[in-house]
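Visitor: First to last, the protein sequences are chains A and B.
Residue numbers are given in my numbering: position 21 of the first sequence equals residue 21, and the series is strictly consecutive.
Residue numbers are given in my numbering: position 76 of the second sequence equals residue 76, and the series is strictly consecutive.
Hints in this document: simulated from the structure, not taken from any laboratory.
Even for Gly, the Cβ is constructed at its ideal location relative to N, Cα and C.
It is possible that part of the hints are untrue.
Said to hold, decoys possible - As a list, the in silico DSBU-like pairs of lysine-lysine whose alpha-carbon atoms are at most 35 Å apart: (1) A:K6 with B:K154; (2) B:K225 with B:K341; (3) A:K6 with B:K306; (4) B:K406 with A:K51; (5) B:K407 with B:K394; (6) B:K25 with B:K406; (7) B:K225 with B:K312; (8) A:K46 with B:K407; (9) B:K207 with A:K6; (10) A:K46 with B:K225; (11) A:K51 with B:K367; (12) B:K406 with A:K46; (13) B:K382 with B:K306; (14) A:K46 with B:K197; (15) B:K178 with B:K306; (16) B:K367 with B:K154; (17) B:K47 with A:K46; (18) B:K47 with B:K306.
As the list claims (entries may be wrong) - One side of the interface only, derived from the structure: several residues of chain A facing chain B at Cβ under 7 Å: (19) V12; (20) G35; (21) S39; (22) F40; (23) S44.
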Amino acid sequence: MDELSKMVCDYVRREYLEEDDDREITEDTRLISGGIVDSFSMVSLKRFLEKKYQIQIPDACATPDAFDTVRSIVALVHQFQKAPANA
Amino acid sequence: MAFINSIRNSYQAELEGIRTAGLFKEERYIHSPQGAEIEVEFPAGSKPRKCINICANNYLGLSSHPEVIAAAHAGLDSRGYGMSSVRFICGTQDIHRELENRLTDFLGTEDTLLFPSCMDANCGFFEACLNEQDVMIADRLVHASIVDGMRLCKAMQDTFKHSDMEHLEEKLQEHMDKRRRIVLTDGVFSMDGDMAKLDQIVELAEKYDAMVFLDDSHATGFIGKTGRGTHEHCGVLGHIDVITTTLGKAMGGASGGCVSGRRELVEMCRQRARPFLFSNSVPPVIVAAAIKVLELITRTTERRDKLEWNAKYWRGLLKDAGFDIKAGESPIVPVMLYDAKLAQDFARDLFSEGVYAVGFFFPVVPKGQARIRTQLSAAHEKHHLDFAIEAFRKVGEKYGILGLGKKELMARCAP
């Protein structure tokens, strides 16, 4: 797992799991469809990514599908690191 | 005609999707007034049958109370049926002002404004009082109406783990650059029945100059020694900046809600909250009955005391029978089953045994957290609860779940 994926996994664990929740978070764990993150609390993850990686993810791209796994989140970050938000 | 076949088909397919996902909701027709015993027609077309109702928000048993009904009749006779106006054109009567003043006294706030419902109060408040310079930090289990209200507001949204004060403090620190911070919580959480740690929330809010917003819909009238709500229970009367609550649960159960709190915030709602500005006044009949409800519950704490006793007794019965229940003190007592199908089957079987309760499952509660939510009422007598527990025991035995703990119950869940 690369650094970016590790960072997102750690954030998800810290931000969304209760202390006694020992579920493993991998790159392919279903976050939204698996009920770990709901669309209401997803905003803090989006803001974390934007701040950490100095990017802007347009709301239209911050869909439940795009945020459903660490793998798809990382792909999204890569996409906006390459292409500025106004692209 | 624009509702062409392809459009109709697309809606039918969506509805079919809801059915296939097991999320299709069906109404049950009740042929009696609301109460501890009701007559229910289910399935539709069948002969109504009498059963014990253990899923209403009729906490104080005032929905069909004779004095409340008499007050409603009197209000209808003296102030008419409808106002045919929003409040600020020609829809405010003397009794609207009277009810708002009485609610202010009861809740221990500075001012109050009535809304058509608490849903409307929650949908209107944030947009009226905050903008992009501000941040709203909500407990992750707040009611859906608060989530909707936040979505209508331009202020930044954030959330903290349910009742996790460390996480809330981190969030408050993170947002110190914002002009205004506001912490949002329910008083009693509707699905779990647990209470917010309001005293700690107030302490943190004071430390970080944040306002506190409390939706006390499942508490007003009965939580706290004199039923003022969660802020009374937690010893922070007068420290909550905004309380939204409903007249549609313990307070007579018809409809109507309010925003109550700091004078300036209430005034902002009067000036700017769209559900207030663009909805008709709360009907006089409801206002008159709500005034009576306030009279009844400030005259004596008998009803909330009885409710407290009932909740304690019911929790004891469920525990003794071997059910896994969510701990707490409120009259919301979730019986945990974890499995969505089991929750539905269990509720259906309870109905066959003469007890009306409802199964809740994802997306209303998190995945793997399915349950039967039971709610007590001051209208319940001991014999109602003794009858209901026998039904629970019988159905619990049928599914072999009595005495099982969380892990064992979860292991039985369908994949």
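Visitor: Could you run down the list of hints and mark each one as holding or not?
Guide: Verification of the hints:
Under the criterion of a C-alpha separation no larger than 35 Å, the hint pairing K6 of chain A with K154 of chain B is consistent with the structure, at around 32 Å. Restraint check for K225 of chain B and K341 of chain B: not satisfied, since their Cα atoms lie roughly 39 Å apart, outside the 35 Å limit. The hinted pair formed by K6 of chain A and K306 of chain B fails the criterion: a straight-line CA distance of about 54 Å is larger than 35 Å. Between K406 of chain B and K51 of chain A, the direct Cα distance comes to roughly 39 Å. Violation of the 35 Å bound is thereby established for this hinted pair.
At roughly 22 Å between alpha-carbon atoms, K407 of chain B and K394 of chain B fall within 35 Å of each other, so this suggested pair holds. Proximity of K25 of chain B to K406 of chain B is assessed by CA-CA distance (about 27 Å); at most 35 Å being required, the pair is judged to hold. With a C-alpha separation of about 15 Å, the suggested pair K225 of chain B and K312 of chain B falls inside the 35 Å cut-off, and the hint holds. With a CA separation close to 33 Å, the supplied pair K46 of chain A and K407 of chain B stays within the 35 Å bound.
Between K207 of chain B and K6 of chain A the CA atoms are separated by roughly 34 Å; this keeps the pair inside 35 Å, and the hint holds. Of the pairs offered as hints, the one joining K46 of chain A and K225 of chain B is violated, with about 43 Å between alpha carbons and a cut-off of 35 Å exceeded. For the suggested pair K51 of chain A and K367 of chain B, the alpha carbons sit about 30 Å apart, so the restraint of at most 35 Å is met. Between K406 of chain B and K46 of chain A the alpha-carbon distance is near 33 Å, which keeps this suggested pair within the 35 Å criterion.
Only pairs whose Cα atoms come within 35 Å are accepted, and K382 of chain B paired with K306 of chain B is accepted, the gap being roughly 10 Å. Only pairs whose Cα atoms come within 35 Å are accepted, and K46 of chain A paired with K197 of chain B is accepted, the gap being roughly 28 Å. With a C-alpha separation of about 45 Å, the suggested pairing of K178 of chain B with K306 of chain B is violated against the 35 Å cut-off. As the CA atoms of K367 of chain B and K154 of chain B are separated by approximately 30 Å, the hinted pair is consistent with the 35 Å bound.
A distance of roughly 53 Å separates the Cα atoms of K47 of chain B and K46 of chain A; the hinted pair therefore is violated under the 35 Å criterion. Proposed proximity of K47 of chain B and K306 of chain B is supported: the alpha carbons are some 33 Å apart, at most 35 Å. Taking 7 Å as the C-beta cut-off, the interface hint given for V12 of chain A is violated, the closest approach to chain B being about 13 Å. The criterion of a C-beta within 7 Å of any C-beta in chain B is met by G35 of chain A, whose closest approach is roughly 3 Å, and the hint holds.
Taken as an interface hint, S39 of chain A does not check out: its beta carbon lies about 9 Å from the nearest beta carbon of chain B, beyond 7 Å. With a least beta-carbon distance of about 5 Å to chain B, the hint placing F40 of chain A at the interface is held under the 7 Å criterion. Look at S44 of chain A: its Cβ gets to within about 6 Å of chain B, closer than 7 Å, so that hint holds up.
Hint compliance for this structure: hints 2, 3, 4, 10, 15, 17, 19 and 21 are broken, all remaining hints hold.
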